[in-house]
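Student: Okay, here's what each chain looks like letter by letter:
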Amino acid sequence: MRADGFSSAYGCDNFVFPFGRGGFRDRGIRSENPSIIARATAGANAVSAICCAIVHGVSADVIGIAATPLDSRLVDELAAIVGRDGIVSRPSELKVYECDGWTVEKNSPDLLVMPRTTEQVSAVLKALWRRGLPFVPRGAGTGLSGGALPVNAPVMICTSKMNHILAIDLANRRVEVESGVVNLHVTNAIKRDGFFYAPDPSSQQACTIGGNIAENSGGPHTLKYGVTTNHVMGLTLVLADGEVVELGGWAEERCGYDLVGAVVGAEGTAGIVTRAVLKIVREPEDHRTLLATFADVEAATRAVSAIIAAGIVPGAIEMMDQLIIRAVEDAFHAGLPADAGAVLIIELDGLVAGLDECAARVTEIARSAGASEVRLARDEAERAGLWKARKRAFGAVGRLAPNYATQDGVVPRTRLPDILRVIGAVSKKYHLAIGNVFHAGDGNIHPIILYDERKPEEVRAAVEAGREILAACVEMGGSLTGEHGIGVEKQGEMPLLFSPEDLIAMTELRRVFDPMERSNPNKVIPRPGSCVEVAAPRRQVPI
Amino acid sequence: MASASSGAPMRKVVDYELLFDCVHCGLCLEACPTYALKRAEMDSPRGRIYLMKALAEGRLPLDSDAARHLDLCLGCRGCETACPSGVHYGRLIEDARAFVEANYRRSLMDRTRRAIVNAIFPYPARLRALLAPLKSIERAGLRPALAAMLPRAMREWIELLPPLSGCADERAAMPPAADPGAPAVVVHHGCVAQVLANSENLASEAVLAAAGYRVVRMANTACCGALDLHSGNRDRALDFARRNVRMLAACGADAIISAASGCSTAIAEYGALLRDDPELAGLAKSVSATVRDLSALLLERGLPTMRKLECTVTFHDACHLVHGLGVREGPRKLLSSIPGVRLIELAESDLCCGSAGNYNLTEPEMARELARRKVDNIIATGADYVVMANPGCEFQIAAELRRRRANIKVIHLARFLAMALAG
Ligand SMILES: Cc1cc2nc3c(=O)[nH]c(=O)nc-3n(C[C@H](O)[C@H](O)[C@H](O)COP(=O)(O)OP(=O)(O)OC[C@H]3O[C@@H](n4cnc5c(N)ncnc54)[C@H](O)[C@@H]3O)c2cc1C
Ligand code: SF4
Ligand code: SF4
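Going down the list, the sequences are from chains A and B. For the first sequence, our numbering gives the first residue as 1, with consecutive numbering after it. For the second sequence, our numbering gives the first residue as 544, with consecutive numbering after it.
Any given hint might turn out to be false.
[Unchecked claim] Simulated crosslink set (SDA-like; lysine to any residue; CA at most 20 Å straight-line):
id, chain 1, residue 1, chain 2, residue 2
1, A, K161, B, E891
2, A, K191, B, E891
3, A, K455, B, A551
4, B, K876, A, K161
5, B, K596, A, E98
6, A, K191, B, T924
7, A, K455, B, Y559
8, B, K596, A, R454
9, A, K161, B, E912
10, A, K161, B, L580
11, B, K876, A, E382
[To be verified] The following label-pair restraints were derived from C-beta to C-beta distances:
id, chain 1, residue 1, chain 2, residue 2, range
12, A, K388, B, R844, 23 to 33 Å
13, A, D286, B, D782, 54 to 64 Å
14, A, D286, B, D606, 51 to 61 Å
15, B, P604, A, D452, 26 to 36 Å
16, A, E243, B, E912, 28 to 38 Å
17, A, E119, B, D606, 49 to 59 Å
18, A, D286, B, E644, 52 to 62 Å
19, B, N950, A, G261, 47 to 57 Å
20, A, G477, B, E908, 38 to 48 Å
21, A, D286, B, S829, 40 to 50 Å
22, B, A551, A, G424, 38 to 48 Å
23, B, P604, A, R73, 25 to 35 Å
24, A, D452, B, R789, 39 to 49 Å
No wet-lab data here; the hints were simulated from the structure. Note that the structure is a prediction, hence the values are computed from the model and not measured. Note that CB positions come from ideal geometry on N, CA and C, so glycine has one too.
If we strip away everything but chain A, and leave its shape as in the complex, we get (with noise of 0.2 Å):
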């Protein structure tokens, strides 16, 4: 059964082809969405709703752009650009370019381009500034946030072509990526000599540097190696007028404010990133992978704080409770303890001298914290396996409920303990189950809520479970994504975070790059549409 209201936002009516009728229609999220309800209701705080006013009274000046219609004549020069292959306009196509990973919002874009390079990311920038029209850019769409979510931006830019690895420097460990090269490409290219590339994702088989670059993406060995903007040197960003400037480059140091720093993380809000140069690491030695067993979460975190207590930074600290473990053991049969309350796979590694004794040591914190088993991998098989298991862990999860809500909090290490419980009384409280799966050693949680998009209370439930999740998070010293980034739906979120100065503050260095705002518009900081309840003073374009 599909219920109306929700679906609507995907229904039939927005098949209607806007070219050629002079103009196109807003392409706010429509609010009779749940997720919007929910949005209202959870941003009806007064802080969130001033922010907005303060926010979107800066950008008043950003209001009087004339757009031109998106015309069949823009799609003609266009296509000259990147030829006709680097375009989709036909409504019917565009409509699986209408979310991300993020699955419960959606709109599609009005036109699809995709370029092959630098220059014609510049050159389709500049039509579009002619007419003052906002773009989306999109990497591989697993964005969990709905970063790539066309939001008033009729125009969607993907990097899909820009596949290419342009140069790999081993003696001096960087390599230069076109910005939509995935994330395990490149890893696989150097793998041979010995080398990888650390921010290790989950989605890595599938997502782009581009949108790792955007949204700062870490994975499991980000604790001992760093997350994404650890690993960016230089890039090259076309800025929405078609601008194509370099930043950094391929020296460690640098003088002058890090511009780099800026971009990344920016959520495609500061223009294109078409290439980038990429820090690559040597493969360590070897490797000890241990998986740890206990009878709940609480004693798996507790095992966490011990071991970097007591100065052991492990490659990778994973931990997932037993809802999860049972979903992966169900999809892959990967060998854990079907019954165990919660596991940890604790990875070191580096010179194989003293590995054995480092091992060692985990194990004995391990079992002091209460685990019941510790094991350690034989081989590189069983190794993978488990690998293979956490990282598939996300996706493993889509076999217990048609959708999932997968939030990205960060809370102090030694706070898991608090933050689990919390988990555990909202999902009792919303009745929608709640797995974790997570970055234990950084205190990066990943709680995923279980949810039936058909079910429209469902849904809403999903988003407040969510949201309170977040506001729990804030309260004990933590942050609203780790790694996810905040896209559109944590953008509510923000002014639990950040004053509305400090929102402000962001706004205008955001403006340092885009000053009107046409990159990946409404996103990040929040805005009309995202906290409905100040009537919209204003339109992204206005039509």
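Using the hints, position chain B with the ligands against chain A.
Tutor: Using the frame of chain A, we list chain B with the ligands on its own:
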């Protein structure tokens, strides 16, 4: 089923509930050959599933775009291997194809192409009759001349055919009887395979016998139905499946294999296909459960000492072997166990070569692009042999290697093993 949001009535396109296994994560994108080439989501698994959903909910008409994106799918199931969420893509696309066949009228050219394929390929006698004159032309050394005279579409079909004089057409003698207590194995000889790749069938039987299995034969071999299932002819596919279930059950084998991995997968899925069959559901399930893979059987009992073959080989993973049956390591282990053989890993070894059943006949352009990509990777290995376990892939890859005048030999796993065992 309730109506979709738009108020449009639901349509029976696929098993609707199965669509909800897809959580829209996108992890399957790069595993999909058509996405790898086109780089657009409509030609990706996630996009096709979305399309099926929109069709089912009546939000999209079945127009030429929709049919196009579904047609372009190779049915290779690379997406199933990549998908963490357990989406049953194979079942989805088979049903979606049947829906397209029943509700969409193709261009005359497409219809003709498909009609020819459907009328001839599943029937060995018809294929033999059709090829007989070509065989004489080939004997007279005129095959290249004939190819040059034909229009492009037909020329490409002819190019795909292996040299017909090399095809062991007749039924060879059974391999020597083994210990009567040994497990019995039947090799399903296939439809196209028994005409064009019989030496692969015979070699499979020979190596099984060498490993000490008792080889039995089916009284009569009918097409397994995979070709029909993949092109939306569900009813005939069910007919073929029923006939095969009866015949396979009758031959009393402990294990069923096929030299064509597409057939193995199809037989392994009879249980699911005939699950609602009042008479044969149970038997189909047990037949499916006996499907094994050649390499697994050979590794289980072990092969006698093989002679030294001083050469480099690379292994191409046929889609239905790796994605359908999940066989990846076995063939590599066997190859590495041959003295003198050095195995070089093939880049993108599990990306479809474009053969995909009769796909290279119905979608020649995409098939050709994939063949080029596959052969680029094969040439890059510098190997002497490219080994695979599916005749369809052999034809496709050999044709492309011939066009490039590359001196790499294409050979079926069973024949390569037979070569190492001989003498
Ligand atoms: C199953 C699953 C597991 C995941 N696991 C992790 C994980 O462990 N760690 C983690 O960090 N994330 C994870 N993610 C989230 C997601 O994969 C990452 O955010 C990833 O970096 C997104 O990359 P993408 O190419 O898919 O980008 P998209 O989803 O296409 O886009 C993401 C954002 O980046 C912007 N963008 C994309 N390309 C560019 C560009 N070239 N220039 C400027 N802006 C651009 C888009 O506008 C959007 O705002 C997971 C997602 C899934 C579905
Ligand atoms: S079966 Fe193959 S071609 Fe079809 S969607 Fe899956 S991966 Fe792509
Ligand atoms: S990997 Fe599976 S669940 Fe994810 S988008 Fe592809 S088919 Fe859907």
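Student: All hints, please: hold or fail.
Tutor: Okay, the hints, checked on the actual structure:
{"no.": "1", "hint": "A:K161 <-> B:E891", "verdict": "18 Å, holds"}
{"no.": "2", "hint": "A:K191 <-> B:E891", "verdict": "15 Å, holds"}
{"no.": "3", "hint": "A:K455 <-> B:A551", "verdict": "19 Å, holds"}
{"no.": "4", "hint": "B:K876 <-> A:K161", "verdict": "37 Å, violated"}
{"no.": "5", "hint": "B:K596 <-> A:E98", "verdict": "14 Å, holds"}
{"no.": "6", "hint": "A:K191 <-> B:T924", "verdict": "17 Å, holds"}
{"no.": "7", "hint": "A:K455 <-> B:Y559", "verdict": "16 Å, holds"}
{"no.": "8", "hint": "B:K596 <-> A:R454", "verdict": "13 Å, holds"}
{"no.": "9", "hint": "A:K161 <-> B:E912", "verdict": "16 Å, holds"}
{"no.": "10", "hint": "A:K161 <-> B:L580", "verdict": "9 Å, holds"}
{"no.": "11", "hint": "B:K876 <-> A:E382", "verdict": "18 Å, holds"}
{"no.": "12", "hint": "A:K388 <-> B:R844: 23 to 33 Å", "verdict": "30 Å, holds"}
{"no.": "13", "hint": "A:D286 <-> B:D782: 54 to 64 Å", "verdict": "57 Å, holds"}
{"no.": "14", "hint": "A:D286 <-> B:D606: 51 to 61 Å", "verdict": "57 Å, holds"}
{"no.": "15", "hint": "B:P604 <-> A:D452: 26 to 36 Å", "verdict": "27 Å, holds"}
{"no.": "16", "hint": "A:E243 <-> B:E912: 28 to 38 Å", "verdict": "36 Å, holds"}
{"no.": "17", "hint": "A:E119 <-> B:D606: 49 to 59 Å", "verdict": "35 Å, violated"}
{"no.": "18", "hint": "A:D286 <-> B:E644: 52 to 62 Å", "verdict": "55 Å, holds"}
{"no.": "19", "hint": "B:N950 <-> A:G261: 47 to 57 Å", "verdict": "53 Å, holds"}
{"no.": "20", "hint": "A:G477 <-> B:E908: 38 to 48 Å", "verdict": "58 Å, violated"}
{"no.": "21", "hint": "A:D286 <-> B:S829: 40 to 50 Å", "verdict": "47 Å, holds"}
{"no.": "22", "hint": "B:A551 <-> A:G424: 38 to 48 Å", "verdict": "42 Å, holds"}
{"no.": "23", "hint": "B:P604 <-> A:R73: 25 to 35 Å", "verdict": "28 Å, holds"}
{"no.": "24", "hint": "A:D452 <-> B:R789: 39 to 49 Å", "verdict": "42 Å, holds"}
Of the hints listed earlier, those the structure fails to meet are numbers 4, 17, 20, in rising order.
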